[in-house]
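Asks: Here's the letter readout for the chains.
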Amino acid sequence: MKIGIILLVVAAMALLRWRKVGMLTWIAAWLLGIFVLIRFGFTTPVPMSVVKLYMGILASALIAYIFSDAQRQEQVKSPLKAFLTEKKFAPLLGLVAIAIPTAVAANIYFDMTSPAKPPAFGRTVHPAPPAQINVLETDFDMATLDNPYRHLETDDPAAFQERVANGRVVYYKNCFYCHGDLMAGDGMFIHGLNPIPTNFQDQGTLPILQESFVFWRIAKGAPGLPEEGGPWDSAMPAWENFLTEDEMWDVILFLYDFTGARPRALHDLEH
Amino acid sequence: MRNRKLLLFAVPILLFLAVAVAVKTAFFMDDSLSYKAPVAISEVDQTPRSQALEDQAEAQAEADRTKPYEEAEYREVPVVGSRTAIWVISQLHLLFAAFVLAVPIFALIIEFIGYKTGDKRYDALAYEFTKLLSVSFSLTATFGAALTFMLLALYPKFTNYLAHVFSPTFLPYVLLFFAEAGFLYAYYYGWGKFSPRVHLFLGLMLNVVGTAIMLIANAWLTFMTSPAGISESGALISTWEAVANYTWMPINIHRIIANVAFGGSIAGAYAAFKFLQAKTDDERAHYDWMGYMGNFIAIIALLPLPFAGYWLASEIYAFSQTMGLTMMGGAFSWLFIIQAILIGNLFLFANWYLWLGMGRIEGAERFRPFIKYLLIVVTLCFAVWATPRSILATVDEVQSMGGSSHPSLGYLGVMSAKNTAVNILILTTFISFMLYRRSGKIPTVSWAKKGNLMQFGIFAAAAFTVIFFGVYGYFVEAAVRIKFSIPQVLSVLLAMILVSVIDAFMLRNAKTTKIRWGRISPMSQYLLILLAVTFTWLMGLMGYVRSGLRQHWHVYGVIRDTSPGAFTPTLGYATQVVSVTVLIFFALIGLVFFLSGLSGKKSFETSKDPSPARTAQQAGFAAASGAVAKSDSQISGGNDSSTGGGMQA
Amino acid sequence: MRILGSGQRSALASAASAGKTLFRRTLFRKTLVGGVLLGGAFLATTVPASAQGGSVPDLGTEAQVAEGKVLYDKYCSQCHGDEGDGQGIATPYLNPAPRDFTGGKYKIRSTPTGSLPTDEDIKRSIRIGLPYTAMPGFPIFSEDELTSLVAYLKTFSEDFKDPEAYLDPIPLPDPPPYSPEAAEKGKLVYEQTGCGRCHGNLGRGDGLSAPTLVDDWGDYIRVADLSQTWTFRGGGTRQDIFRTMSSGFNGTPMPGFHGAIPVEDIWAIVDYMTSLAGNVAEAPYGNVVTAVAVEGDLDLAQGADLFVDAPESMFPLVGQIIEPGRNFNPAATSISVRAIHSREEIAFQVTWNDMAAETTGLNGPELAIPLWEEDQPEGASVADEEEEDGGGFWGDEEEAEEDSSEDFWGEEEAADDAGGDDSFWGDDDDTADASAASSTSEFSDAVALQFPKTSPEGIRKPYFLFGDTELPVELWYADLADQRSKLYEARGSVSVVESESKAPEMVASYEEGQWSVIFKRKLRSGSSMTFEEGVFLPVAFSVWNGFNRERGNKRALTPWYNVYLKPREAPSPVAPMVKAGLGVLALELLIIGWVRRKKKSEAARA
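Chains as they are written, first to last, in the numbering used here: chain A, 1 to 271; chain B, 1 to 649; chain C, 1 to 606.
Chain A extracted, bound-state conformation:
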């Protein structure tokens, strides 16, 4: 957050309050103020799609505010009406009447002459896996697949730790160039990758996934993604070409162990 901009907006609002301006001014002030806050108040700029979303919500809230009270409705309506009908406003009205189409035209002009932006691809980060996968010539049913070594966690902690340690070796030999030392998806090569690698520290990744899903992603990599995942862009290799099945399960154990996340439980299929 940029403190300066926030203070600026708050100060402007306070000034308006002090000046006791009319309802119309307030509406404009809110729209503008919130827009400035959202668009420029964050250190990392907020994407336009979200700005539009918030501004839409704000606009409907403001409309609800005005139209939930006859007095306020009148406060907005009467100056507008006066502006549209009274003689003394005629020059100004003419000006506004010309200004709005001009602004619209200008907007079209800038739209058509500004440098074109590459098309965006709304990539699905966690697309649905197929019902069945074949890894290293073994068929796995995704509905029932689970980490075969997960049970060691309670059954045999020593053996479990050994597997985690092995997973660590696998990770630091293969994965951390992209997924990073801290698994935050910030490895040394990410500046040259698009899409960027998954951030395993993000609560929206490991904890919401079953281990079978992670296994699928590791084993099949980008080439195994469905269309909505953009398999042609992702640099995730199909690790079944490099690793054994055990190594893949081990590295999954390590991922969950290192980040402290718990895998989404495999639901019991019985009623």
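If you're looking for bench data, these hints aren't it; they were derived computationally from the structure.
A few of these clues could be false.
What the hints assert, rightly or not - Straight line, CA to CA, 30 Å or less: simulated DSSO-like cross-link-like pairs of lysine-lysine:
1. C:598 x A:88
2. C:123 x C:69
3. C:74 x A:173
Claimed, not checked - Simulated restraints, written as ranges between beta carbons of each label pair:
4. C:600 x A:114: 40 to 46 Å
5. B:60 x A:114: 55 to 61 Å
6. A:119 x B:249: 42 to 48 Å
7. B:249 x A:114: 50 to 56 Å
Just so it is clear, CB atoms sit at the ideal spot from N, CA and C, and this is done for glycine as well.
For this one, chain A is given, so just place chains B and C on it according to the hints.
Replies: Here is chains B and C on its own, set in the frame of chain A:
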């Protein structure tokens, strides 16, 4: 007058278009997501043209002679394709069916209240609701028949399979349908003709039968999503297991609740429609009240709906992770953002309607100042609730964010924040409702001040609990965090119950001020219509998710869809289809409103002799506006609809 | 343009160091013995060894060491090894290799060359990491945790117990404002100081001795490209550069200049580097190549002049590490692209920095490659081979030009021949070995542009690594050994075949450490993708560095970016502007008219 009528039709359509366009522009989804393989270049044929034509004709004749009979797997509907055709028809069938099932539920309850309290108003209201039923019932049956024929004609093989599994349920279904018709017409035409108890029994049976029909139909469609009771190759083992499959019960519950919400909102829209057309104050008062009741029913039913939805979603996850991921993280995840926006709007509209409703109550002015703060809370919660987790962004924006989620806004896109937002939203709506109720009553009990303080304390405690668990949720792991939603929900529920109880005691013998039904800004009536449109749209979209989840399967994992329409429609396309469906539905429901209004119209020949129905209705109006003093309800509307209504008094 | 024979070059390398000894060597610390310093720039340090007053060094409490060990074992040991010897799990795959802490040699310090770092220096490296290496920043550590880690790190090296090994930090003043004048002066100082011997005349890391440099552990070490300040290990801010310049990098040939040249001169060089990098703080990476429309034919003879009006886009290059031929340390870190199009043709100019032009040997995207080869750049392996034809590949004219060239290094050669050897370098074994870098390479440099074979429909693109079986890609490949372009069609890296279609035209040149390759092709050509105006088309790049033994799928690459052909005639916005403007105006008038009429009727009624 002409102006007003024009507005009546133009405004809902405009509002609808506005919602559709807003959603469409907010989500500039790529329509062309499906991948098309490049067309192979065929080799050039060297045969002369005349020769080729002859050959062709000959071959055709030969083919005709020897054409064997083949069982068709699929047939196509021209232009739109069978996928879209059956989509629209089944959606329309569902919308009418939902309405037909929902109305008797609350008609019966209202009638019962009327019977218990002896208040004629309620009886008239229940009748008014029931009046909408008969035409809707016929339309439901029509669309149902169309749907059946389309299934038989367009998807013969799949329909055959469904018959294989479910044929034992067909006869009960038909019989129940027959009974439904009987009870419905007896209930409607027998209004006032039977003793109240018999009539109530008829209503009860109508509900029982209707629900049973829904349960059977739900079995068929949930089986398609989560098949059970069949062998690996799809052969039937147990019809009962096929019926009681994974998602059957969640869908049943979800649908009953959603039907009530939907039916209430449609009835509210009907009232609004009538209100705007009304010529007398009595009529206005009556329909204002009816709209209020419809909206009240809709919102009450809306509140538990998210929880039923959670249950359904978790059962889908339990049945198949693939399907769960398709739903929440895959192709459909964007739909849930749209859903959030629509639900956020529903809450905003509901609050707004209540605030407007304060206009009809004397002495409501003292609560005016609170509205501003309630609005701020609603807006903030709405914004959090609608914040997407992974954001649609341009390449530059993704680069500056370092991913598809924003470093700061990302905190708002997760479950903790959203649960908190929606709980506070529910709490705020409840506060709005309490304020509305309170605005017409001045407590006379000695401990009123303490009671108020207590209520305030309860609200504060609930809000604190919700926010505390929301914030704490960021610091614990996911498994614990999921459980936090329980205390959040419980504290909100508890607060609502406690406050209601205190209210009930505190408002005993309270001084009541007049509620001037009918004295409300016409804006509120447009809101009711908008609410109905939003509900319908939401139903359509969610139906698309539930059905689309199967992707390229008729029966998930058993019968594969190999028809040309086996693609998963993109969000953009789905929005269009759903929008068109909603438009058709509202055109038809407009017809229903019109037709059911006919019975109340003066007869063409004997204009002086009012029909019995008319008399009953008038009695209702009179009762409803009994409290309204004539002088109070001088409505200076004229032909100015936007500033008209009681607000100017 | 200048090509030197291997003999010339190796001679020059040592000559450069000896011929112009700018610095007096007064103190040679034990940590520096064996250090290879080819730049000839040695630190004159006169700071007393007991700078910290001979007091007992702060090695941390036992508890801190214990806590540090726990953190180290979880977060550091995978690369730096359990024993701190730089032999972790990942070490074989890392280049630059992880630091070996046992030697007490820390690269990034604020203290004079050869001395130990301050605690804060180590913390800084841990906190923010070393850019463009496998050492990430660890912002997760608190100050206390950092202190503990430092305490534990110190246990790896005996040096930290020696109070004598500490020197006071070099004062690090606030940077004076950047000035072009200082940058101008910096260029002079840069040349006088001999920075160019390693870093190249224009700082592109193409100095003559660049291919020969090794660090204290005998590993080949790549010279920093000074025109890309954001890749600097010690950080790219002007203050960072000043610190690195002053303190040098222990364990590497990079000396510290503190006390050797005046502080103003160091700042001047800093400003010079800043200007080389275009005076930007962060890498100016783009994501689209905009091809501008030009009139007339595209004449390749004009070379880079063709592209004067085209904006330059820079893309980061990363190693191909996900298929066989894993390339963990690609030589090129970025590629800059410009493009123009005429009515018939499109031309791309790609430039990238390369410390030496490998113009012999073969290369190609289809060459077979082992999964991963653990090899060093070829430098020494072909040391003794005599080059057959020094500059032949440039053609006769250029050869002549080369022969007659009289430049700075030419003089150096003379000086070297005349002056013989210098006793100081005599004891350095590495020099002889390393200086034998050769331009006779087994693999040549190469570059390729990658386009889909057919125009993409919808969002679907070919796989970014040489396409896939469904959607092939075309590679515009420039073989820089025989100055020939080839057209490849690839359906994945195992299926790369030379296409029978006509290859694009190409010219290439190498100058001052930078390759520039220009491709030209028809906008529409047979079965290939059509370049359409106003459409975003996928493009990706590959660079092979022969010295780094990159070939086949061992390469530096980019994912898909976009190329956009700016339309020659942009559709005129006037008609839509007028239409929308008038429409809005009409709507406004309607509203105004309606409101006024209503008011009039109201007034009439009243």
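Asks: Does each hint hold? Answer for all of them.
Replies: Quick rundown of the hints versus the structure:
1. Restraint check: the Cα-Cα separation between residue 598 of chain C and residue 88 of chain A comes to about 19 Å, which is no more than 30 Å; the hinted pair holds.
2. Distance restraint check for residue 123 of chain C and residue 69 of chain C: the Cα-Cα separation of roughly 15 Å lies within the 30 Å cut-off, and the hinted pair is therefore satisfied.
3. Taking the CA atoms of residue 74 of chain C and residue 173 of chain A, the gap is about 15 Å. The hint holds against a cut of 30 Å.
4. Between residue 600 of chain C and residue 114 of chain A the C-beta distance comes to about 45 Å, which sits within the given range of 40 to 46 Å.
5. Distance hint check: the CB atoms of residue 60 of chain B and residue 114 of chain A are about 58 Å apart, consistent with the given range 55 to 61 Å.
6. Between residue 119 of chain A and residue 249 of chain B the beta carbon distance is about 44 Å. The supplied range of 42 to 48 Å therefore holds.
7. Judged by the Cβ atoms, the range 50 to 56 Å given for residue 249 of chain B and residue 114 of chain A holds: they are separated by roughly 55 Å.
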